[in-house]
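Protein chains in written order, with UniProt numbering: chain P, 1 to 164; chain Y, 1 to 309.
Simulated from the structure, these hints should not be mistaken for laboratory data. Here the structure is a predicted model, which is why all the values come from computation and not from measurement. Please note: incorrect hints may appear among the correct ones.
Which residues of chain P face chain Y? A few of them, derived with a C-beta cut under 8 angstroms, are [to be verified]:
hint: 1; residue: F9
hint: 2; residue: L21
hint: 3; residue: L26
hint: 4; residue: A32
hint: 5; residue: D37
hint: 6; residue: Q40
hint: 7; residue: E44
hint: 8; residue: Y47
hint: 9; residue: R48
hint: 10; residue: I53
hint: 11; residue: R101
hint: 12; residue: L111
hint: 13; residue: M115
hint: 14; residue: L119
hint: 15; residue: Y123
hint: 16; residue: I154
All C-beta atoms in this analysis are idealised placements derived from N, C-alpha and C, irrespective of residue type, glycine included.
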Amino acid sequence: MTDEDEAAFDEFVAARSTALLRTAILVCGASAHDAEDLVQGALEKVYRHWSRIRADNPEAYARKVVVNSAITRSRRRRVIQEITFAAPPDTPVDAPDLGLREAMLTELRKLPARMRAVLVLRYWEDQSEAETAAQLGCSVGTVKSQAARGLARIREAMVEGVPA
Amino acid sequence: MNVEEALKEAMRAQVGEVYAPPSMGSAVRRRRRRSLVRFRTTGAVLVTAAVAITVPVVLTNTTPQAGPASGASAPAIAVPGIVVPDVVGMNAKKAYLLLEQAGLTPMIMTPGEGADKAGVVAGENVILTEPAAGAVADPKALVQIKVPWVPAPTASPEPPADKPATTSDLGDLGDGLTWMGVHVGYLPEGVKWSGNSYAGGFGPKSATVPYVTEGLEEGMYSIQVIVGVDQNLLRRDGQKVGPDTWVNNYNEGGGEEPFGPATTLTASRDIPGDQVVQVLFSPDYSASLGEERARTEIAKVIEHIRLEK
Chain P
1 MTDEDEAAFD EFVAARSTAL LRTAILVCGA SAHDAEDLVQ GALEKVYRHW SRIRADNPEA
61 YARKVVVNSA ITRSRRRRVI QEITFAAPPD TPVDAPDLGL REAMLTELRK LPARMRAVLV
121 LRYWEDQSEA ETAAQLGCSV GTVKSQAARG LARIREAMVE GVPA
Chain Y
1 MNVEEALKEA MRAQVGEVYA PPSMGSAVRR RRRRSLVRFR TTGAVLVTAA VAITVPVVLT
61 NTTPQAGPAS GASAPAIAVP GIVVPDVVGM NAKKAYLLLE QAGLTPMIMT PGEGADKAGV
121 VAGENVILTE PAAGAVADPK ALVQIKVPWV PAPTASPEPP ADKPATTSDL GDLGDGLTWM
181 GVHVGYLPEG VKWSGNSYAG GFGPKSATVP YVTEGLEEGM YSIQVIVGVD QNLLRRDGQK
241 VGPDTWVNNY NEGGGEEPFG PATTLTASRD IPGDQVVQVL FSPDYSASLG EERARTEIAK
301 VIEHIRLEK
């Protein structure tokens, strides 16, 4: 890599790592610390191929790596998560809004990893259906159906999360 | 509020306040270098980590000793083809810095043969490099710096205190299980101290000791334990096997990869105090145990490392 490549990589990291980190946290449902490690791993891949991809669309490449490794990682964690999140929260809900938000996030974490990734890319990253499909390597139809099913489950959680 | 908006709001609440640390770029580079070092030394005792080297030495002191390629003082990042400087006879640490400055990837190795087991340690002066001086290497190419075996200092278990930053040994460790304030409380059957130890290769206050099985070629390890204060030694990924303890396999890219002949099974643990400990099982040794047993054994080895009061 040339000095200029190195400088461009630094700029890229400074500009994009926070966004990548946030996406990673949402997709893998992990702590910020675990997600940071994951983002570092993804950026290392970007760095390895930097001179080739920097002119292309390094952000899309980096996001793709982050999302896919987050999916892989969350699959591994899934069993533990089911146990953790299946238990009802022992603190009473303070405010309806907070309870609702928690219920939604809990439901989001319980979704299958790929379905969660679809929702994060569509509604957090504001990606189009086509862009989401390209990132995940699936068809637009799959994105549509996964998003619909994911939203349906979140909606159920919303209804249950609001105290009657 | 519709469900999409509510979901966006919830996501924003969860991560809106999270920011990536400013050190992300350097962390990525360190990780890249470290993984390269680890892979390249597969099976061979890892004496020093490129990442952990601090550079307190004034480099101009060493430059005049360089051979054909003493253009080393110029930035050599994008020069295609670098002539390997002549560093034979030089202190290995200085040679390391010089080669690194020339744009190569140096690595300090003990020779793989010619030593009679225990009673010897790695010497400090370079006997040869591979590729040899004068050869043209690609930028960032690996250059092995070989140092000889020299008789181990007898008696004094205290290493000379006047050169803490150089790669030197810890002296006679007795059974080789207690050093740098830690005690290695468990080793699998058939594995014992190699007779070697190396200090300073993994940053300040670091040392590493290789353990071997019977009949292993000199310079190779079966199990290697690294202790240091550099937090980069701690990799918090893979399988969590105990408090602050992780086990994982790393491939060439430093990425996680299923157990296999090209990966190094590695356990990392954050021990009380400021120290971090890492245990490496060589690919050959891991293969001889099989994955399940290797994972059980590495977890047991790292679990039984404790602070020596």
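Here is what the structure says about each hint:
1. F9: holds (7 angstroms)
2. L21: holds (5 angstroms)
3. L26: holds (6 angstroms)
4. A32: Given a least distance of 5 angstroms, the restraint on A32(P) holds.
5. D37: Since chain Y brings a Cβ to about 6 angstroms from D37(P), closer than 8 angstroms, the hint holds.
6. Q40: This hint holds: Q40(P) lies near chain Y, its Cβ roughly 5 angstroms from the closest one there, short of 8 angstroms.
7. E44: holds (5 angstroms)
8. Y47: holds (5 angstroms)
9. R48: holds (7 angstroms)
10. I53: Nearest chain Y Cβ about 15 angstroms off; hint violated.
11. R101: With a minimum Cβ separation of about 4 angstroms from chain Y (threshold 8 angstroms), the hint on R101(P) holds.
12. L111: violated (11 angstroms)
13. M115: violated (13 angstroms)
14. L119: OK, holds: L119(P) within 8 angstroms of chain Y, min 7 angstroms.
15. Y123: Where the cut-off is 8 angstroms and the nearest Cβ of chain Y is about 5 angstroms from Y123(P), the hint holds.
16. I154: holds (6 angstroms)
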